[in-house]
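2 protein chains.
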Amino acid sequence: FLAEVRLVDIVQGRDRCGAHDPSEMWANDSCHKIQESLLSSASGYNNYRGILNWCVVMLVLSNARLFLENLLRYGVLVDPIQVISLFLNDPYSWPAACLVIVSNVFVLVALYTERQLELVGYLVHCINMATILTFPAAVVLLVPSVTPAGGAFVLGVYTILFLKLYSYKDVNMWCRELSTAKAKKLFNGGNRTVCYPGNLTIRDMFYFVFAPTLCYELNFPRSPKIRMSFLLRRLFEMVRCLISWMIPVIQSSMKPLEDMDLSRMFERLLRLAVPNHLLWLVFFYCFFHSSMNFTAELLRFGDRQFYKDWWNSETVTYFWQNWNIPVHKWCLRHFYKPLLRRGFSKIVSQSAVFFLSAFFHEYLVSVPLRMFRLWAFMGMMVQLPLAWFVGRFLRGNYGNAAVWISLIIGQPFAVLMYVHDYYVLHYRQEAD
Amino acid sequence: FLAEVRLVDIVQGRDRCGAHDPSEMWANDSCHKIQESLLSSASGYNNYRGILNWCVVMLVLSNARLFLENLLRYGVLVDPIQVISLFLNDPYSWPAACLVIVSNVFVLVALYTERQLELVGYLVHCINMATILTFPAAVVLLVPSVTPAGGAFVLGVYTILFLKLYSYKDVNMWCRELSTAKAKKLFNGGNRTVCYPGNLTIRDMFYFVFAPTLCYELNFPRSPKIRMSFLLRRLFEMVRCLISWMIPVIQSSMKPLEDMDLSRMFERLLRLAVPNHLLWLVFFYCFFHSSMNFTAELLRFGDRQFYKDWWNSETVTYFWQNWNIPVHKWCLRHFYKPLLRRGFSKIVSQSAVFFLSAFFHEYLVSVPLRMFRLWAFMGMMVQLPLAWFVGRFLRGNYGNAAVWISLIIGQPFAVLMYVHDYYVLHYRQEAD
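First to last, the protein sequences are chains W and S. Start counting the first sequence at 326; every next residue gets the next number (this note's numbering). Start counting the second sequence at 326; every next residue gets the next number (this note's numbering).
Just so you know, not all the hints are guaranteed correct.
Chain copies aren't distinguished; within one or between two, either way the pair holds.
As the list claims (entries may be wrong) - Straight-line C-alpha distance at most 30 Å; calculated DSSO-like pairs for lysine-lysine:
1) Lys662 - Lys550
2) Lys671 - Lys654
3) Lys633 - Lys671
4) Lys671 - Lys550
5) Lys358 - Lys633
6) Lys654 - Lys358
Calculated directly from the structure, the hints in this document are not laboratory data.
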């Protein structure tokens, strides 16, 4: 009778799982139940790890075809001398490299300032910070042998240093605000944490300078050991990205500049919207995943959250809060929250953060190109009304699509503006 | 003192969340903790819904550019008469449409066989099933005005019908195996379920024929009502897929055939590996998501599981078990489990399923093209060693990448073989 009930069950479409008796097997076979398709948003399903792998496979495959074609047609494309010439004009003068080496002076000044008395120290600190931003900019603008790529690299290094030293000074100030005696009493236990004056060493300072974070802490979380295989995989990714993506695309984007033909360059760059976006994605992976994880592994730096799930962002704000976590953390800790504490409203503080970000974007683009057009600044400030619009009118997957479109279309537009102006400024004049 | 402890907390890198007092806000700001990056497989994170949206946005954008370019260059490309000519040679003879209409005869035969006595019924049933497979194949092979596209469509319809009627007969047989009296007693409650002889109606039969499933049940789960907006969105997707993807790609793949130049066609098809894969993905979405959901919504058919998360499949077996759920369900219920019950081992039964699938793949390709090359058959049978290899040697994301590569590379290879042979058979002879 039981077997019959089971038989009735399947025929009527009910399920009783778990029958392993082979004679009952065909009976344990309910067919349909009410459920949504996985791709319907109603299903709430969102495990698409495979789609990410698909993207990587497609990138590698289409890249391999291109690579083979180029290799057959032109031989080895990557010319190391040409790559170096992006950064150097004159092989006997290395202004960018010198500037990077000089940056150590500012690091040491910041360290020794912290060791000195408060009032003079504060003045020296202010001068130091101002110099970090103005000195390399002045050198880049005045020394003609600095190339745009070299200049951008140097200014990037100095900007990161500026943010790091600002954080360093803030945290040490907070430490001084504590009565150090009490802090010592609290933390002289055996758990090997460092207390305020004990952290002012050259070793600690340079660990912070090289660590993949912008926010200073006296005791960073450390991973137990360096995993060799992890290190090698990240290194392999970096080399692969650089060789098979960055360099060919940069070289091919140099070609229209060499042709000096405005209309062709314009058309070409419009066509480059999608490659530009792919390049940005590869850059993101190479920098924020591969190289930062590489550095962190090497330094046994425990906190590997360099980005969050910005690919799912349904508002522009979410994207900006999650794609670059080190900068976001810095802005929150040393800019946004201090502003809130001083009584500014949330909207004013948020706008101030965007304004600061816009300033640095402009600084990193205009100075190396030696032209001030405010496109990068505008590009960042436009994010504010865009964020309002997307947050107000679009939800869920539509909001996500809007964020993607703004990334794919917006970025090459700004790039196009600069390339166009750079061309007009440098080559049109020569042609006349 | 408490504020000082909090201050010590941030300086030492500890967190106490939840302080909303603005004066303590800067203190509630722990910076770093040990954690992995999201893209590291160690993080176990897998919400990539945004990547799916990215793919859709990229497809639509690149498609829009192509569409605009073509529109500017050639005007409206989609010529309905040309599309129809894929299915029809002679506008006064519609063999494919006639065959589809004739298929109703077999449905009615299957229904009336179930109403008749057992022994004669079984014989009629066997003849009926055999005719469903052989009759359309014979017509397609013998009537010269059947085009390959029309033939494939007809054979597809008849194959689906074959699987459905096989399931219909099986389930009704299971019902007869029950003593129907007992079943009636059990299920004559008021919950409106139908019992065995009561289901043998024309209405019930045709609901099953049109329902998006291959497995018969007496009482399908039904959704409460037809959602108009859902229906329209699926319809819109189907039309968009058809107009902006399927037809242009099919037309452009017809061109090399018209050129009758073997070397160019070969090169072109090699280049079409990625477009072919994209087309397959669009076909998958259009057929398994849009059109099946559309039909299900129209028929208030509740079970919308037409596919599972095959995109995450880390073994070939997982892919074949999850990409086409209606066929997989049928194979499991009416072929694999009956074989197991008859005492065959798991491996033999699995191989038999692949063999059956290979037979139908070959049937659906060879007969409409009127040439028997066994490429489709081999393509399916090759999956067995491939599944063994991937399952044995590759894990996680590497296995997933292997499945993707076999999809991207394997499919166009088989297509290429058929196109090449078709060309040699039909055009080389004419050229000589």
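Hint check results:
In this homomeric assembly, Lys662 and Lys550 never come within 30 Å of each other (Cα to Cα): the closest approach is 34 Å inside a single copy and 51 Å across copies. In this assembly of identical chains, Lys671 and Lys654 lie within 30 Å of each other by CA distance solely inside one copy; the values are 17 Å within and 55 Å between copies. With identical chains, the CA atoms of Lys633 and Lys671 are at most 30 Å apart within one copy only, with a shortest distance of 23 Å there and 44 Å across copies. Proximity of Lys671 to Lys550 under the C-alpha cut-off of 30 Å is found in neither arrangement, the shortest distances being 42 Å within a copy and 46 Å between copies.
In this homomeric assembly, Lys358 and Lys633 come within 30 Å of each other (Cα to Cα) only across copies, at 14 Å, whereas the closest approach inside a single copy is 37 Å. Taking the closest pair of Cα atoms, Lys654 and Lys358 come within 30 Å of each other only across two copies (13 Å); inside a single copy the shortest separation is 47 Å, beyond that limit.
The earlier numbered hints that this structure contradicts are 1 and 4.
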